[in-house]
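Based on the hints, put chain R in the right spot on chain L.
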Amino acid sequence: MIEDPDAELVARAGAGDRAAAQLLMTRHLPKMITLARRMLGDPGDAEDAVQEAFMRLWIHAARWRPGAAKFETWLYRVTLNQCYDRLRKRPTARLEEAATVADPAADPQRTLVNADLYAAVARAVLDLPERQRAAILLCHYQECGNIEASEILGVSVEALESLLARGRRALRQRLGHWNER
Amino acid sequence: MSEEKNKSVSKMPLERLTEIIEAYGGHSRNWPESEREAAERLLEDPGQARLMASAAELDRELDSMRPIVPSGELQARILADFDRIALRLGLRMAGARSRLKNVVDVVWPGAPLWQPACALALSLALGIVAGALVRPESWRDPADSSATSLLDAPPSVDPGQAG
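Protein sequence lines, in the order shown, are assigned to chains L and R. For my numbering, add 33 to where a residue sits in the first sequence, where the first one is 1. For my numbering, add 827 to where a residue sits in the second sequence, where the first one is 1.
Hints in this document: simulated from the structure, not taken from any laboratory. Note that beta-carbon positions come from the ideal geometry of N, C-alpha and C, so glycine has one too. One or more of the hints may lead you astray.
To be verified - Pair by pair, the computed Cβ-Cβ distance ranges are:
1. L:G77 with R:R887: 25 to 31 Å
2. R:L951 with L:N114: 33 to 39 Å
3. R:L906 with L:A44: 14 to 20 Å
4. R:A876 with L:A95: 52 to 58 Å
5. L:A52 with R:P840: 48 to 54 Å
6. L:G77 with R:P873: 45 to 51 Å
7. L:E36 with R:S898: 28 to 34 Å
Okay, chain L solo, but in the shape it has when bound (with noise of 0.2 Å):
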């Protein structure tokens, strides 16, 4: 059984204790929203999927088992599961004008050339097909190790390196005019 940080909170989640909700909330909803945020580019889609996500967490916390798989890999699997369904579920417009929505922890005194690169970045990123864009959102932005990300995304390690070599071959080919500047 591996040794998993978030076993005792979850048990205590289970049995009604808020305050040890609330730190699991505070331990992982950054991460959780800001791989929605990447996955479905819309800020309300997003916090949705979150919310869900946490719905299904207290819902069976009381009958989580430590087991071989870490709470926290369950998590990032059941968010993007909820990010999954609500693609599904929208019109392939909608992922164009989400890709422009302003990065709300932007700071206002960024140039506009930053500004323009962190646009062009979501949209590059919501334009890639939701597999290599999971597998780029969980290697290079939550820092899953390779073992980790094959588990959320349930693939061998072979198949997430090329989800990875293909998601950042297409990313540089869209990003490419950034090299000129």
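Same frame as chain L, but now just chain R:
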């Protein structure tokens, strides 16, 4: 087939380093842990410099997107969901206990649950003991001659015709 390509420090081929950089980028902290040291040693190869530079450039561009800060409203909604679910689960258990208490109050008003529970358990125990002590032949009531007469009657007598 193993999930990880576990190669010793001195034996990683350059092609594998290329695969690692193309998949995971230029930050060695993102490289597979078991291969990191061997890969870093191969970076001394001048042929890898251009590949690393290209990967590092994409990494810088990807890093322009900073983490999202969750809103206070979202945090409040998530905790409100927790409160609602915890309350619902708690009420379900309290409801069953309260229904049982209502039945007990009809039979034994004002008593805590353990009192009628003990009374029931004691009755059951006495019944089992009594059943074990009673001799089998006393099950038959000697005064009930009509029942035994049917059993003792010769086969030619139709039990349905007996008085």
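Each hint, compared with the structure:
no., hint, verdict
1, L:G77 with R:R887: 25 to 31 Å, "holds, 30 Å"
2, R:L951 with L:N114: 33 to 39 Å, "violated, 51 Å"
3, R:L906 with L:A44: 14 to 20 Å, "holds, 18 Å"
4, R:A876 with L:A95: 52 to 58 Å, "holds, 54 Å"
5, L:A52 with R:P840: 48 to 54 Å, "holds, 52 Å"
6, L:G77 with R:P873: 45 to 51 Å, "holds, 50 Å"
7, L:E36 with R:S898: 28 to 34 Å, "holds, 32 Å"
Of the hints listed earlier, the one the structure fails to meet is number 2.
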